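Novice: Chains as they are written, first to last, in our numbering: chain Y, 2 to 377; chain C, 672 to 1003.
No lab work stands behind these hints, which were simulated from the structure alone. On a predicted model such as this, the values are computed, not experimentally measured, just so you know. Quick reminder that beta carbons are idealized off the backbone N, C-alpha and C, glycines included. Treat the hints with care, since some could be wrong.
[What the hints assert, rightly or not] When the alpha-carbon atoms are kept at most 20 Å apart in a straight line, the in silico EDC-like pairs for lysine to aspartate or glutamate are as follows: (1) K117/Y to E750/C; (2) K113/Y to E744/C; (3) K210/Y to D271/Y; (4) K292/Y to E364/Y; (5) K246/Y to E154/Y; (6) K210/Y to E115/Y; (7) K261/Y to E364/Y; (8) K329/Y to D299/Y; (9) K117/Y to E736/C; (10) K231/Y to E744/C; (11) K261/Y to E282/Y; (12) K120/Y to E750/C.
[What the hints assert, rightly or not] Only some residues are given here: those of chain Y computed to face chain C with a beta carbon under 7 Å: (13) T89; (14) G90; (15) G92; (16) S199; (17) D200; (18) E201; (19) K226; (20) S229; (21) G232; (22) Q233; (23) G234; (24) E236.
[Unchecked claim] These stretches of chain C come out as covered by chain Y in the derived footprint (C-beta under 8 Å, 3 or more residues): (25) 786-793; (26) 930-940.
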Amino acid sequence: MKTQRLAVVSSLALTGVLALAGCGGGNSGSTNPGGGGGETQAAESGDGNCFSGNLTAEGSSAQKNAFEEAVNLYSENCQDAKISYNPTGSGAGIKQFIAGQVNFAGSDSALKTEAKDGKIEQQQADAACASPAWNIPMVTGPIAIAYNVPGVEKLTLTPAVTADIFTGKVKTWNDPAIAKVNAGVNLPATPIKPFFRSDESGTTENFTKYLAAAAPKNWTAEPAKKWSGKGQGVEKSAGVTNGVKGTEGGITYTELSYAKDAGLKYAQIDNGAGPVELTGESVGKAVAAAKPAGEGNDLKLKLDYATKEAGAYPILLVTYEIVCSTYKDQATGTNVRSFLTSFASQDTQTAIEEIGYAPLPAEVRSKVETAIAAIK
Amino acid sequence: MTSVTGVSAPDPSPTSSVASRSTGRLGDRVFSGLSIGAGTLVVVLVLLIGLFLVTQAVPALQRNEVNFLTSSEWTVSGEHPRFGVAGLLWVTVVSSIIAMLLAVPVGVAVALFLTQYAPTWLARPAAGTIDLLAAVPSIVYGLWGLRQFGPVLVPVQQFFAQYFGWIPIFAPNNGLSGNVSTIFVVGVVLAIMILPIVTALSREVFAQTPRAHIEGAMALGATKWETIRTAVLPFGKPGVISAAMLGLGRALGETLAVTIILATLAPGTPWVASLFNGGETFASKIANNAGEFDTPQKTGAFLAAGLVLFLLTFVVNAIARIVIERRKAFSE
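Chain C with its partners taken away, still in its complex shape:
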């Protein structure tokens, strides 16, 4: 779903020429058949998931009595369902933005360190350790965030609430500022979860910077930092963007860790911009209620929220594609 492929390879893509150069031999035909099949399978799967969401969601949406996109009510049973995703959209997007703001710079910095600065004996084990972070199951992140890491963040939260409380997003919030179950804590935990993804992919592209570019920059008298800025970073930029998008996909859709950490608000609680507030993301809302889907209408309403998440991921990926394509046009 979140497949923005690395397009940092310097060679022009040779896809069209391969097909025409087929020799008609058995091996060729089998292989092209397999790869076409695999490609089609992915597309069909995505379409089927989309179709499933749409068919389930539409009947419920037709009976909805408030605007699905702008309301944050959530009454899905009974004759007069009223439900909307505004609140969910806010929490999902904001927690993911926090995660991106923290994880992308750190991830890029770690990748630069590993490829440009670290001695080889350190780079390999360090890279392995970071990859290990990606293998930690999300339930572990959730419990760790709730019981161990969250309490450490509480003083930070209180500091911001006290000194920067005049900025709406840091506004102190009825009792929740002293609590681990906030959007802020979720954002930071999500950042740690996506850090290995960003780091690993960025590391791969930085390591591929053509030797000639680096040596050229150095020959012109560039310092280490100037070399990185003029040769490594521009070369790796599309790769970093796709790495960030993969991470964002994970952050937007993360379910278990968010469900465990984030406090749900009582129905009817007025919306505030503060990050030190509870809420629900699309995924955690669905997970919280999946056990009690007793009518098609209710299921449909929740899957409609799932559909929005699905589309959101699509839009984000499409934007990333456009950015990368434009970037390619300039560099060629």
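If we strip away everything but chain Y, and leave its shape as in the complex, we get:
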């Protein structure tokens, strides 16, 4: 007994010492170079890479939790950095970025290059930066198709069946279309009750993009932030998962973390190469299979939702950090670079996997790191 307690105490002490050592390392890293310059705002060092001051970002609510996690990890080493993120929505974030109100924006889709109401986002952003604005993929959020059908532990859906469910064509759970892809599963005759997001959201946009790409015959509506299928709308991700949880026969699309929190089961997707379960790895495969759509360090991706690659989970959204390639204020550029480097690091990417996101696959991550290092 006594020895055991001693062991606990000593191990605690050890962790304490290690933690202190970590602190010390970080601190010295941040203060050393600052010492010479005196009042440098962005003190960059060899390994610590800390800055002191403010960094503001705004945009997509899909990456809110990941961003907060990244900020937490970053400020463990760099306590003087104040990073704030305002999750007002992708559109609002880009608007604020163009208006110069925030240092960078988070958006579920890359800056648009075609005109919308007479304005081209990419051009506006370039003008605001006085240099090309880059889209840097940072957070991948898998979209789960969560359902509540008692007795059905495992469900496989194909894009066509999914589209038919969400357009109201398939009305009951024991419909032959569902039974065909779920051999051996005992499906009840419960009516299917689809739930959708009543607020405009990037999740809806990416889910409908998937349906339109993978099942173009069954889903004919234009992908948009506003829902165009059938069902009943509830506010925000928490609302739809709560709705499904309370409704037998309910089904919805939602970020994985919310489905997990609500304890809902989510479907495997069969895009043509067999059922794929939603895991960090299977999502990573889909991200790695995406084609680059930008040039150079503008890393916007063209996701292949209809991908038939084995083991790739195709329904996901990628949140980009939209940055200036060259900031007008050099210190800001350094700060953005410092924080994003930490965000893209292996440690942070692993940490956000635990809260329902998927880490960037290695090859994409290395490109992201190169792009971040080139921010001035």
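Chain Y is fixed; fit chain C onto it per the hints.
Specialist: Frame of chain Y, contents of chain C only:
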């Protein structure tokens, strides 16, 4: 905005005589300056809000390709915007009517109980408790309605759908009758939200019934109920109406609770008269989409809906004023 002031005071309003009786002393001038300033400020604020709504809404309305008042389409982006508020108007008005039908009789009854029947030791704490309802934040009402209270109402809803389903407003509706996210549930929750407003104001006016009226009625041999009917209620009527209007203003504009509870319908869902249906009110529609106002046209379209709500509240208040004024003309 919803200021229909209590006009139950028996004295004629002495506003005009005060100004002329000013002595020209410093205190008088400062005070009249302050009160004129405050009065002007309110009017200017309302006008500015109206102006903001109009300036934002007009450009979008000019490009609208369907009738703004009769259509229930809602496509606000792109070259060919088509949007109208018919659906929003229906849900907003109907949910508020349900709220009024429930809250006003109950509120008046509670106020009568507190002022006429309850012993003093009970009246005060009971009144305080009801006022406390007004202090509950609307998000709490929303979550409570969705998770706790709504499920209790579902059997009621199913009962009506089953036995009174032949009346269009109770018609059973594709799956939503068994659901908490209906206009009916929203109406009942709104009723609870406005109950303290109706009760508190009605209580104030009932308590002011002149002693002479009550004693006169009793001297003529009226029972308690007859006294209330002939003395208290007629005296308090304008006050009750203004209380109801304040409550209605709250119900029409309530955002958060409605947004949380009410299910949105998929675009293109045909309109049905059933109360056991989802939908959106003006306020919940704007709240649901405020995060993604990315173009002036889109913002304008939503603010145009806000403008309709603004005008609706004005119209309702104006009607209430007319009712109260007529009532005053008769009683004098």
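Novice: Would you mind marking each hint as holding or not holding in the structure?
Specialist: Against the structure, the hints come out as follows:
no., hint, result
1, K117/Y to E750/C, "9 Å, holds"
2, K113/Y to E744/C, "26 Å, violated"
3, K210/Y to D271/Y, "16 Å, holds"
4, K292/Y to E364/Y, "12 Å, holds"
5, K246/Y to E154/Y, "15 Å, holds"
6, K210/Y to E115/Y, "17 Å, holds"
7, K261/Y to E364/Y, "28 Å, violated"
8, K329/Y to D299/Y, "18 Å, holds"
9, K117/Y to E736/C, "18 Å, holds"
10, K231/Y to E744/C, "15 Å, holds"
11, K261/Y to E282/Y, "17 Å, holds"
12, K120/Y to E750/C, "12 Å, holds"
13, T89, "6 Å, holds"
14, G90, "3 Å, holds"
15, G92, "4 Å, holds"
16, S199, "3 Å, holds"
17, D200, "4 Å, holds"
18, E201, "4 Å, holds"
19, K226, "6 Å, holds"
20, S229, "6 Å, holds"
21, G232, "6 Å, holds"
22, Q233, "4 Å, holds"
23, G234, "3 Å, holds"
24, E236, "5 Å, holds"
25, 786-793, "violated (count 0)"
26, 930-940, "holds (count 8)"
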